[in-house]
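S.K.: The chain contents come next:
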Amino acid sequence: MNAVEVRGLSRSFEGRAVLSDVSFTVRHGEVFGYLGPNGAGKTTTIRILLGLLAPDAGVVRVLGRDLAVDDAARARVGVLFENNGLSDRMSAAANLAYYAGLYGVPDPAERIDDLLTLVGLTDRRDDLVGTFSTGMKRRLGIARAILHRPEVVFLDEPTSGLDPGAQRMVRDLILDLSRREEMTVFLNSHHLDEVQRISTSVAILAGGRIRAFDSLENLTGASDRPTVTVTLADPDDRVRACETIAGLAFVAGCDPGGSTLLHCTLADPGATPDLIAALVGAGIRIEEVRRSSRSLEEIYLEALRSAEGGGA
Amino acid sequence: MKTFGVIAGREIWLALRNRGVVITALIFALWFPVMSAVGIAAGTDGDAAAVAGGIAAIALLVGVFMGYIFCSDAFLREKRDGTIETLLCTPVSLRRIWEGKTVGVAVPAYLVTLLSAVVTAATVSALTDVAIATEPLLYLHLAVVVPIWVVASAGFIGAAQLALGMRENQILGFVFIFGFIFLIVALQEVSPGGPGLSVMTEAVLAAAGIALVALARFIVGKVTKERIVRTIP
Chain H
1 MNAVEVRGLS
11 RSFEGRAVLS
21 DVSFTVRHGE
31 VFGYLGPNGA
41 GKTTTIRILL
51 GLLAPDAGVV
61 RVLGRDLAVD
71 DAARARVGVL
81 FENNGLSDRM
91 SAAANLAYYA
101 GLYGVPDPAE
111 RIDDLLTLVG
121 LTDRRDDLVG
131 TFSTGMKRRL
141 GIARAILHRP
151 EVVFLDEPTS
161 GLDPGAQRMV
171 RDLILDLSRR
181 EEMTVFLNSH
191 HLDEVQRIST
201 SVAILAGGRI
211 RAFDSLENLT
221 GASDRPTVTV
231 TLADPDDRVR
241 ACETIAGLAF
251 VAGCDPGGST
261 LLHCTLADPG
271 ATPDLIAALV
281 GAGIRIEEVR
291 RSSRSLEEIY
301 LEALRSAEGG
311 GA
Chain R
313 MKTFGVIAGR
323 EIWLALRNRG
333 VVITALIFAL
343 WFPVMSAVGI
353 AAGTDGDAAA
363 VAGGIAAIAL
373 LVGVFMGYIF
383 CSDAFLREKR
393 DGTIETLLCT
403 PVSLRRIWEG
413 KTVGVAVPAY
423 LVTLLSAVVT
433 AATVSALTDV
443 AIATEPLLYL
453 HLAVVVPIWV
463 VASAGFIGAA
473 QLALGMRENQ
483 ILGFVFIFGF
493 IFLIVALQEV
503 SPGGPGLSVM
513 TEAVLAAAGI
523 ALVALARFIV
533 GKVTKERIVR
543 TIP
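Order-wise, the sequence lines are chains H and R. Under this note's numbering, the residue at position 292 of the first sequence is numbered 292, and the numbers go up by one with no gaps. Heads up: take any position in the second sequence, counting from 1, add 312, and you land on this note's numbering.
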C-alpha cells in the first residue's frame, strides 16, 4: 500500500480548472517533492488530500483512507501550512501541549521536551510565540506537525519567507526527521534546490497537470538527448575536436566550456562510445568523458514550457 | 470528551488573557448596567419584583452581547489567522471543535455577565431601598436562563463566523445581536407570564435558548470544511 495515492484528480474553482486528471503515488518512507510555480494547485492538492476540499473527480487516499470522512485516520497524519498553526498568544510549550491534547499524545511533557530540544527552542519554551522570528515559528510549526508521530507529514512551502540560514536549518531538520522518525514526507515547494537536496521522488505540477513524475534519480538521469562533457588532454586540440564533432551526425550540438572542456548534446542517447571513437580516431587525446545528468531546474523549466505551450 | 475539555480550556485561557477583549467587555459590563440601573430605579417606583425584572432583562442582554464579544476572539481570530485549517486536520470533528469553543467562549462571557448583574443590583440598591435579595426567581434567571442564552449567543454567532466570510461576518455580527435582542423581547411579550420575572416567562426563555443551541449545533453539522477553508481571508 502506498502512503499517498492520487488517481485522476480534478478540481476547478469558479469554472477555472486548477487540477486536471492529476495522478501520482508516494511510497512509504519517501521524501516526495511536489513542485510547481505559485498558483499551480499544490496547496489545493494538499487540501484535497487532507479532506479540507472536495475533489470534482478522482480518488485520493492517504494511508489507504479518505481523510475527509475518517476522523481517526487524521491522527496518523501531520500537516504544516504556511501559518504554522500556532497561537501567537501562547508559549511554545503551551502550543505543543494543546495539540498533544487534541491528538492524545502519551507522555506529552516528555515528547514536548524532546521536540523543543530537536528544533533548538528549549530555552524559549515558555516565551510567547508572538515574540519568535519567522524561522523559529517555522521550526516550532514542524515540531507541532510531528508531535503525534504521524506516518505521513504534509509540509506546505516549509522554507517560504525564511532567510537562507533558516532555510538550511529547516531543510536539515526535515531530512533528520524523515530518517529519525521514519516518516513519509510530502513536501510542497517551488524551491528547486530544496527539492533536489532532500527529495527521493518528485512530481512537477504545471498548468493543472502532472508534467513529470518519477524518482529524482530517474528524472535527472534520463533524457532523450543526453549531454556528454569531454575533457581534452591538450588545449591545442580544441579547434580540431570541434571540427571533428561538427561532422558527426549523432551529435546535435557542441559548446566549448573552457580551454579543455566540450559539452556535447547527443542526438542518439547511445552514441557516447561513437563520440569517443571519432575523437580518438582524429588523433585527439582525451583526459575524461563524463555523461552529465540534467538538473532538476532543466526538467522543471521544460515542464513549464510544456504547460505554456498547452501540452497535455 | 477529552478533546472538548482541551479546546474549551484553551479558549477560556486565551479569552481571559486577551486584554483588548476583556477591557471592552468590562467597560460594557460596567457602563451599561450603571446607566440602566438609574432607569430601573426611576421607573419601578420601589416595586421589588419590577426591580428584579429590570435587572434580569439587563443581565440577559449583557449575556448575549458578551457571547458576541468573546466569540470574535475564539472563532473569527482562528479563521483570520488561518490556524483553523490546522485545527480541522486534527482527529477532532468540526462539531466537537465548535462545542469546545462555544463553551470556552461562554464561560468568560457568563462570568462578566454575572459581574455586570452584581453591579446593576448594587447600583439599584444604592439608589432605592428595594430588597432585591428576596427575589428567588432572579437567582434562577441568573443561574439557568442567562447561561443558556450566553451559550446560544456564542454558539450561534460562532457557527455563523465559521460558515461566513470575513466581510459577511462584519455586516451580520450586529444583525445577529439585534436579532437576539428582538427575540428576547418578543418571547417575553408572548409568554403567558408576560415581561418581567415569572416562572412561565423563565420557562419559555429557557426552552427557546435551548432550542437555539440545538439549532446552532444542527447548522454546524451542515457546515463543510470546504466552506470554512474557502472563506479564510
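Since the hints were derived computationally from the structure, they do not count as laboratory data. Everything numeric in this text was worked out from a predicted model, so none of it was measured. Where a beta carbon is used, it is the ideal one built from N, C-alpha and C, also for glycine. Careful, some of the hints might be misleading.
What the hints assert, rightly or not - Label-pair ranges, simulated between beta-carbon atoms:
1) R/Q482 x H/D88: 18 to 28 Å
2) H/R16 x R/M478: 44 to 54 Å
3) R/R479 x H/R149: 34 to 44 Å
To be verified - Every beta carbon over 12 Å from chain R, so not counted as near; a handful from chain H, in silico:
4) G29
5) D70
6) N83
7) N84
8) R89
9) N95
10) E182
S.K.: Would you mind marking each hint as holding or not holding in the structure?
M.R.: Taking the hints in turn, this is what the structure says about them:
| no. | hint | verdict |
| --- | --- | --- |
| 1 | R/Q482 x H/D88: 18 to 28 Å | 22 Å, holds |
| 2 | H/R16 x R/M478: 44 to 54 Å | 22 Å, violated |
| 3 | R/R479 x H/R149: 34 to 44 Å | 40 Å, holds |
| 4 | G29 | 21 Å, holds |
| 5 | D70 | 9 Å, violated |
| 6 | N83 | 4 Å, violated |
| 7 | N84 | 8 Å, violated |
| 8 | R89 | 6 Å, violated |
| 9 | N95 | 10 Å, violated |
| 10 | E182 | 21 Å, holds |
The earlier numbered hints that this structure contradicts are 2, 5, 6, 7, 8 and 9.
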